[in-house]
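Let chain V serve as the given structure and place chain Z on it in line with the hints.
Number of protein chains: 2
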Amino acid sequence: MDLLGAQISQLRTTLGESPGAKKVLVVYAHQSAGSFNASAKDAAVEVLTAQGCTVEVSDLYAVKFKATATAEDITAEVKNPEHFRYAEETRLAWEEGTLADDIKEEQRKLTEADLIIFQFPMYWFTVPGIMKGWIDRVLTSGYAYTQEKRYSQGLFKDKKAMLSFTTGSNESMFSATGINGDMNVTLWPLQNGILHYCGFQVLAPQIFWAPSHVDAEARGAMLKAWRTRLQGLLGEAPLSFTPSDSFDGDKGFQLKPEVQEKHEGREFGLTVGTHQGKRLPPNSQIRAGV
Amino acid sequence: MDLLGAQISQLRTTLGESPGAKKVLVVYAHQSAGSFNASAKDAAVEVLTAQGCTVEVSDLYAVKFKATATAEDITAEVKNPEHFRYAEETRLAWEEGTLADDIKEEQRKLTEADLIIFQFPMYWFTVPGIMKGWIDRVLTSGYAYTQEKRYSQGLFKDKKAMLSFTTGSNESMFSATGINGDMNVTLWPLQNGILHYCGFQVLAPQIFWAPSHVDAEARGAMLKAWRTRLQGLLGEAPLSFTPSDSFDGDKGFQLKPEVQEKHEGREFGLTVGTHQGKRLPPNSQIRAGV
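Protein sequence lines, in the order shown, are assigned to chains V and Z.
FYI, in the working numbering the residues of the first sequence are 49 to 338.
FYI, in the working numbering the residues of the second sequence are 49 to 338.
Only chain V is shown next, with the shape it has when bound in the complex (with noise of 0.2 angstroms):
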């Protein structure tokens, strides 16, 4: 630990927190306090909270979150008008402390955090817009990644983060012999391209299939096995991704022929993404250790 981590613990200490207690966010986002994912939310709210945990939640649509990347996410005057590059202005913004008020806050709430979780109805296949306007917004560059801290070297490899949501679809329609198509597949742009790629350790999704569906005792039965997995939660192990550097830097970031080499005569490719050509790993995506 070095000094910076041992006085914060210090503090947290003195603040009346144990030593161990982890720090939880939750990103969610449903329109209706009614709702099955309002359920989901309270249950790790509840269940984490039981723990000894302290969970913040970001209730998106309450706070009328802006779901827009836009200049007037910068107090100060932009760096170039003419031109106006998002990435490039914010992370000149975040340097010097002049990110909008509402982005500061949430950055806050993700630096103390341990665990994020995303709690959200699916919608087109991803999250709905107000939650990719806080990926946008919040993952700032600088802040949350950078050319050299990203992936498994990535700015929050000492952080955990996952998905819970519902979908619309049955489970059926989303396998590999499935009319929407593996679910692997939907979820690597979401799971690589944006939680792993801020280093973030990627915990098993939470999926609950099409609850809208379902009686009630078969929704209650969902949040009962999602209480149940929100008790070990916190030491589970993550999803597995290919290691950086494992790619290199120099050469595209294509995997090393070291690397490609030992995996040759495997059956299955490192990942859905990066499959190199091969089938891909069964549930990659879905579950841990596979």
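Since the hints were made in silico from the structure, they are not lab data.
Which copy is meant is left open, so a pair is good if it fits within one copy or across any two.
Dumping the calculated DMTMM-like pairs for lysine to aspartate or glutamate here, alpha-carbon to alpha-carbon at most 25 angstroms:
{"hint": "1", "residue 1": "K326", "residue 2": "E315"}
{"hint": "2", "residue 1": "K326", "residue 2": "D293"}
{"hint": "3", "residue 1": "K71", "residue 2": "D107"}
{"hint": "4", "residue 1": "K127", "residue 2": "D263"}
Relative to chain V, chain Z alone:
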């Protein structure tokens, strides 16, 4: 051509449009008129207009397009305020003509269009929040899809749509041996789950690989190639997806046994998503006819 189609065609002729004239909608998301994305959008407007097309542009940042799916999208009283369900409430509002004016206006443009081009910088492996907001809000249940009319039976099967976007990473990083993983995987949820889901014939994406990493001359060459492609765009064959009737709606929309059997001996799966546990068909989300 059905009766309504004939009447519309006649009306267009009366209005001075040539019978074969196509209507194009460009849904455009960049903050700056000085950007590469703006140039790509301008090129589309110019080349397609010169061909006799009528081109409309939805400039999402310019109109401060609302990116969040909320009860305010319905101008009448919502049916179930205790448990607000966006898809159901907006479907009813669409039926009753009580959707918000900005949604109605985008739906008018979309209804009239023969081709929709989404022009955007890729943010976090997908569209920016503001464009996701357009997708969430404009592609209303009932208007853009129903349980019966989706995928190759989709409501927009007589229209074409395509993604045109810039990346921050180089092409090699988005290969099947690259650190970001195969671009075909990243495109699947967007092209299958949104565009093809609504029935659109999906034209091959126009991918501008990392224009910010190259000099002005190379960027100019990218735009020139795009202008050349635009000349023949409306005549291009679309990407291939599996016909809806290959799936059994009574059995969880799984591939029918006879379709599975027919493809049993083949090396590659049917698509990136419905890959049947086989190797992914190379570049099926990037090039037509593969």
